[in-house]
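Chains A and B supply the protein sequences, listed in that same order. Note that the numbering used here has the first sequence beginning at 123, numbered continuously upward. Note that the numbering used here has the second sequence beginning at 123, numbered continuously upward.
Just so you know, same-sequence chains aren't split out, so a pair can sit in one copy or run between any two.
No more than 20 Å apart at the CA atoms, straight line, and that leaves these computed lysine to aspartate or glutamate pairs for EDC-like:
1) K202 with D218
2) K202 with D217
3) K202 with E190
Everything labelled a hint here was simulated from the structure, so no lab data went into it. On a predicted model such as this, the values are computed, not experimentally measured, just so you know.
Here is how the chains run, residue by residue.
2 protein chains.
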Amino acid sequence: MRMSRFGDATEIRRIAEGRYEADLDGGFAIGDALNGGYLLAVLARAAVDAAPHAHPVSTAAAFLRVAEGGPAEILVDTLKTGRTAATSRVTLVRDDQALVEALITTGTLEPDTEPSWAGAPPAPALPPYEECLTSGSGEVRGRGFADQVDMRFDPATMGWLDGQPSGRPEIRGWFGFTDPYEPDAYALAVAVDALPPVALNLGARGWAPTVELTWHMRALPAPGPLALHGSGRLVTGGWFDEEVEVWDSAGRLVAQSRQIARVGRKA
Amino acid sequence: MRMSRFGDATEIRRIAEGRYEADLDGGFAIGDALNGGYLLAVLARAAVDAAPHAHPVSTAAAFLRVAEGGPAEILVDTLKTGRTAATSRVTLVRDDQALVEALITTGTLEPDTEPSWAGAPPAPALPPYEECLTSGSGEVRGRGFADQVDMRFDPATMGWLDGQPSGRPEIRGWFGFTDPYEPDAYALAVAVDALPPVALNLGARGWAPTVELTWHMRALPAPGPLALHGSGRLVTGGWFDEEVEVWDSAGRLVAQSRQIARVGRKA
Chain A
123 MRMSRFGDAT
133 EIRRIAEGRY
143 EADLDGGFAI
153 GDALNGGYLL
163 AVLARAAVDA
173 APHAHPVSTA
183 AAFLRVAEGG
193 PAEILVDTLK
203 TGRTAATSRV
213 TLVRDDQALV
223 EALITTGTLE
233 PDTEPSWAGA
243 PPAPALPPYE
253 ECLTSGSGEV
263 RGRGFADQVD
273 MRFDPATMGW
283 LDGQPSGRPE
293 IRGWFGFTDP
303 YEPDAYALAV
313 AVDALPPVAL
323 NLGARGWAPT
333 VELTWHMRAL
343 PAPGPLALHG
353 SGRLVTGGWF
363 DEEVEVWDSA
373 GRLVAQSRQI
383 ARVGRKA
Chain B
123 MRMSRFGDAT
133 EIRRIAEGRY
143 EADLDGGFAI
153 GDALNGGYLL
163 AVLARAAVDA
173 APHAHPVSTA
183 AAFLRVAEGG
193 PAEILVDTLK
203 TGRTAATSRV
213 TLVRDDQALV
223 EALITTGTLE
233 PDTEPSWAGA
243 PPAPALPPYE
253 ECLTSGSGEV
263 RGRGFADQVD
273 MRFDPATMGW
283 LDGQPSGRPE
293 IRGWFGFTDP
303 YEPDAYALAV
313 AVDALPPVAL
323 NLGARGWAPT
333 VELTWHMRAL
343 PAPGPLALHG
353 SGRLVTGGWF
363 DEEVEVWDSA
373 GRLVAQSRQI
383 ARVGRKA
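Whenever a hint applies, use it, and build me the whole structure from the sequences.
Now the structure itself:
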């Protein structure tokens with residue numbers, strides 16, 4: 123059964139206890155390098171399959187080597203199994219080399235849980251979907267990752283595209299898939315790493331390789347587009363941090379992430 | 123040579139390639155459980171010893187089992203060695219059980235690096251040291267971790283102590299060690315996990331076990347007390363997040379962390 127491009131692209135096959143195969147979809151690459159969030163979605167599927175719980179509540183991942191499309195293995199080592207949470211070491215392997223290693227803690231989030239406390243949504247809010255800039259999905263093809271996602275960006279955060287970086291490390295946008303796929307845990311894994319690097323608004327250029335990314339799934343997302351709020355605190359010594367909050371169409375914080383990355387070299 | 127209580131407590135002995143011994147100091151426990159930041163300091167020392175770089179730039183750790191004082195082993199598996207960064211899997215082991223597992227990326231931070239961009243310090247600021255509440259160090263003994271650290275808390279964030287939680291998940295305070303030890307990478311590892319859980323200001327009580335904590339060292343800290351700004355975004359389904367920013371006496375952001383933890387059960 124074909125689920126959707128993203129559903130198919132994150133399919134895993136269990137070949138032994140704690141061992142899975144995947145055929146990584148090169149369509150989710152930027153250049154030759156598969157998007158980190160896409161890889162985390164594949165790893166999360168394996169972690170959940172091997173665990174007694176339904177959701178990847180916490181994922182901390184080190185990106186070791188560039189991953190291109192094609193067959194790969196996922197190794198899941200269970201470190202602890204508990205009643206409310208279980209933790210595994212999950213490694214994406216090709217040619218006996220680890221490409222990504224992650225610590226994934228699974229738990230089960232209930233659909234109708236009311237928060238006992240929730241912080242205010244980030245300000246400024248994202249403008250309505252129709253007032254945001256398209257990433258061009260459906261018009262141009264052959265751009266890899268950008269063809270797979272339907273993203274609409276807050277114009278106030280996209281000046282860098284025209285050589286007018288805003289001077290603030292912030293990028294905001296709406297997120298969904300071109301081939302429809304309703305938000306779930308795996309879509310959230312992509313969402314937290316889907317924005318262009320916030321350092322682009324400080325004049326950085328080019329690819330900004332993620333060194334480490336940790337994200338937490340906080341609630342089951344409602345159907346509809348996800349609002350992504352990306353920001354950073356410090357750029358120094360060639361390193362920058364990027365925080366992303368993901369809010370769903372029901373106005374709930376559903377995921378939060380921080381990554382640390384290397385500043386891209388200027389062209 | 124005796125360095126200081128904290129220096130001694132984080133000493134490691136290399137017994138083979140990628141294998142270290144430590145004698146964990148029960149004086150850094152809260153109840154029977156050693157403070158998580160203290161454990162991360164010990165793991166960081168092993169990671170740096172095994173790496174070609176000087177500082178633990180990124181640490182992501184899963185807390186699997188309660189660690190008490192006493193001898194333990196640290197296993198360091200090098201996953202990648204690069205020119206600017208190297209990444210290891212670092213595991214704290216006792217009786218063949220993993221207590222903590224971490225992904226640690228080392229790099230070398232230069233002392234006089236000027237940030238190319240820096241966000242504003244968090245508001246509100248921490249009141250001056252002398253206007254903050256003592257944790258009682260030097261007066262009462264036998265309280266474990268609280269005896270090892272010299273912390274002074276912003277009174278506005280300590281109402282929970284008197285049954286008057288502020289209703290906001292925020293705690294702020296100054297941080298140092300009772301037995302003087304100048305801030306460095308290992309002190310920062312303790313600082314990011316030294317505040318009482320921010321959920322206490324929402325009426326939570328008791329121990330709030332950390333499930334995962336990721337922290338990044340962003341700069342070499344200047345001598346003097348560290349300012350800790352702790353806050354949270356969401357408490358739901360028994361999970362809460364806690365972010366801590368650490369600012370040094372020179373007014374620089376030197377470390378940032380997020381942990382996800384279980385809400386303590388009410389007494």
